[in-house]
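The listed protein sequences derive, respectively, from chains W and A. The numbers in this note's numbering rise by one with no breaks, and the one at position 293 of the first sequence is 422. The numbers in this note's numbering rise by one with no breaks, and the one at position 123 of the second sequence is 514.
These are computed hints drawn from the structure, not numbers from a lab.
With the C-beta cut set under 10 Å, the calculated list includes, among others, these residues of chain W facing chain A: (1) C190; (2) P212; (3) F213; (4) R216; (5) N236; (6) D242.
In silico BS3-like links for lysine-lysine, alpha-carbon gap of 25 Å or less: (7) A/K479 to W/K152; (8) W/K252 to A/K407; (9) W/K267 to A/K408; (10) W/K256 to A/K408; (11) A/K479 to W/K294; (12) W/K252 to A/K408; (13) A/K407 to W/K256; (14) W/K194 to A/K479; (15) W/K152 to A/K552; (16) W/K267 to A/K407; (17) A/K552 to W/K194; (18) W/K406 to W/K363; (19) W/K194 to A/K635.
Quick list of simulated restraints, FRET-style, between CB atoms: (20) W/D206 to A/P414: 44 to 50 Å; (21) A/T636 to W/S397: 53 to 59 Å; (22) A/S553 to W/K352: 33 to 39 Å; (23) W/G154 to A/L530: 49 to 55 Å; (24) A/Q561 to W/K152: 38 to 44 Å; (25) W/T196 to A/P531: 45 to 51 Å; (26) W/G154 to A/T489: 27 to 33 Å; (27) W/P307 to A/K552: 31 to 37 Å; (28) W/T196 to A/T489: 25 to 31 Å; (29) A/M616 to W/D206: 51 to 57 Å; (30) W/T155 to A/P567: 41 to 47 Å; (31) W/D206 to A/S553: 31 to 37 Å; (32) W/E324 to A/P567: 55 to 61 Å; (33) A/L530 to W/P307: 55 to 61 Å.
The C-beta atom is built at its ideal place from N, Cα and C for all residues, glycine as well.
One-letter residues, chain by chain:
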Amino acid sequence: MIKKPPKMCKKQNIIETINLTKKFGTNIAVDSLSLSIQQGEVFGLLGPNGAGKTTFLSMLCTIMKPTSGTALINGYDIIREHPFVRRSIGIVFQDPSVDSDMTARENLQMHADLYDVPVSEQKNRIKAVLQLVGLLDKADDFLYTYSGGMRRRLEIARGLLHYPKVLFLDEPTIGLDPRSREHIWEYIRKLRERENMTIILTTHYMEEADSLCDRIAIIDNGKIVVMDKPSLLKEGIGGDTITIGCNEPERLHQLLIREKLSERILISDMEVKAGVKNGNLVLPRVLESAFNAGIHINSVTISRPDMNDVFIHHTGKTLQVDEVREKSGRLAMMKRRRAR
Amino acid sequence: MSELRGIYTLWLREVKKFLREKPRLINAFCQPLLWLFIFGTGMRFSSAIPGINYQEFIFPGLVIQAMLFTSMFLGVSVIWDREFGFLKEILVSPISRTCIFLGKMLGVSTDVMIQGIIIFPFAFLIGIRTDLYIFLKALPIMLLVTFGLVCIGLTFASLMKSFEGFGLIQTFINLPMFFLSGALFPLANVPAWLQWASYLNPLTYGVDALRTVMMGDTWVQLFPMSLDILVLLGFDILMFIIGKTAFSRTD
Numbered sequence: 130m131i132k133k134p135p136k137m138c139k140k141q142n143i144i145e146t147i148n149l150t151k152k153f154g155t156n157i158a159v160d161s162l163s164l165s166i167q168q169g170e171v172f173g174l175l176g177p178n179g180a181g182k183t184t185f186l187s188m189l190c191t192i193m194k195p196t197s198g199t200a201l202i203n204g205y206d207i208i209r210e211h212p213f214v215r216r217s218i219g220i221v222f223q224d225p226s227v228d229s230d231m232t233a234r235e236n237l238q239m240h241a242d243l244y245d246v247p248v249s250e251q252k253n254r255i256k257a258v259l260q261l262v263g264l265l266d267k268a269d270d271f272l273y274t275y276s277g278g279m280r281r282r283l284e285i286a287r288g289l290l291h292y293p294k295v296l297f298l299d300e301p302t303i304g305l306d307p308r309s310r311e312h313i314w315e316y317i318r319k320l321r322e323r324e325n326m327t328i329i330l331t332t333h334y335m336e337e338a339d340s341l342c343d344r345i346a347i348i349d350n351g352k353i354v355v356m357d358k359p360s361l362l363k364e365g366i367g368g369d370t371i372t373i374g375c376n377e378p379e380r381l382h383q384l385l386i387r388e389k390l391s392e393r394i395l396i397s398d399m400e401v402k403a404g405v406k407n408g409n410l411v412l413p414r415v416l417e418s419a420f421n422a423g424i425h426i427n428s429v430t431i432s433r434p435d436m437n438d439v440f441i442h443h444t445g446k447t448l449q450v451d452e453v454r455e456k457s458g459r460l461a462m463m464k465r466r467r468a469r
Numbered sequence: 392m393s394e395l396r397g398i399y400t401l402w403l404r405e406v407k408k409f410l411r412e413k414p415r416l417i418n419a420f421c422q423p424l425l426w427l428f429i430f431g432t433g434m435r436f437s438s439a440i441p442g443i444n445y446q447e448f449i450f451p452g453l454v455i456q457a458m459l460f461t462s463m464f465l466g467v468s469v470i471w472d473r474e475f476g477f478l479k480e481i482l483v484s485p486i487s488r489t490c491i492f493l494g495k496m497l498g499v500s501t502d503v504m505i506q507g508i509i510i511f512p513f514a515f516l517i518g519i520r521t522d523l524y525i526f527l528k529a530l531p532i533m534l535l536v537t538f539g540l541v542c543i544g545l546t547f548a549s550l551m552k553s554f555e556g557f558g559l560i561q562t563f564i565n566l567p568m569f570f571l572s573g574a575l576f577p578l579a580n581v582p583a584w585l586q587w588a589s590y591l592n593p594l595t596y597g598v599d600a601l602r603t604v605m606m607g608d609t610w611v612q613l614f615p616m617s618l619d620i621l622v623l624l625g626f627d628i629l630m631f632i633i634g635k636t637a638f639s640r641t642d
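Model the full structure from these sequences, guided by the hints.
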């Protein structure tokens, strides 16, 4: 197929969505979403389960057709020019999608053929991407001998094989142990530096989004709630979080509201988290009130806001790592290991 | 060009996987032996068909049977690809659905042909007259049978969501097609309903054509060779269209 030159986007927007919408029956999964992403950006999509992240991603990857609206990727329309869009993007799915009866090299070879990587470059390119994710010495092992983390790394390598302009990572580190997660972060950082690649990732992990992304969009109910640099997001909500360990969190909660010491309060088993403007000034008053009320306090911490706080601030929900999903991810992996 | 390379790489995957699966190859080799030597010998001596060596008679039928069962089993492998996520990787590639279907079909067809050809050496063991010329004439007929069957398998795989339905295919496709093909008994003396049911089965024409080639004058043809070929061709084209349509709808 002859590659036609991409139309020029405005400035250097590699992705531009225009009122992108997806409905399933009466349920609106993605609600008229418009945003632009610049070349070389690492862009994070955060949101609770069912917020529309994966649906949004699926439409950009041309797996799903939008109900209305459209998007341009690398200058190509995702509806009318999807074969060109597909050549411009690499995708790492949430669920594993490698063939475990084949070796790593065979999986990559097949991908290179499907994506029309020139034959003369295939060998070197495969070597290069394997090296990037540190799997070169395991290139000829069958994938059923690979661990979950290694498969993930191979999938990232595969996503990069055909020189995509944009790499989509849907929950790239879900179900992985902390060390494998650390590895994957490292590759993502390397990619940004070396290849000036645009990376779009969805994640459940706040610290992941915070440490990797140039910009973050928090999505809830199919809409962008807020979108900015992580540092600005954290500044934006203002104030500190006071975490108080005590035996009667429920009573302390009521007390803090009655005394108008804090308005954003989250309680758990043995803890109360209160959002306040200036922790250093408020904390003594909190302790005094608690003492007067006879509430015994075990521990106290003041912390600057992190992404978790940003998330709670904007969505009113905690973004706990969904254990069911994690388990099912692991199950799928076990299933495929058994199926060889 | 890129589409051709895509078809090639999908073909290669199927063939590699087939040849690597040693237990299946052993099974492919041994099952026809049981039919030929135990079932064949038993039938030959207990219910002889006048003027015909029963083992020679069922040999072409067994080739077709092996190809039928393999087509269904491997065709349904698309379900595994879906179950373990690999199908997604192929579906999002720039290759068109038609070419994906073609690559898969050609790959599975190659496996099925290998399965059919494996059985041929046994012809020497039971003393059937056969030579390279006969073998070469048999190949195109086997190929025509294979394409249609593989498309049936792929059609079901596209429609089925899980592997649980495979038992249904076994009962409602494999066995009826096998029993109604004239592979195990001649259709000349059976009741009219059984005869007509068999004539509706495209495999009957495949078995007939294969026997014409392999048994020579000892076999009284059911239909002229040209009709056999025509029916098989029609069967292939129809099943290809149905299979391709069903596959294009999967997501």
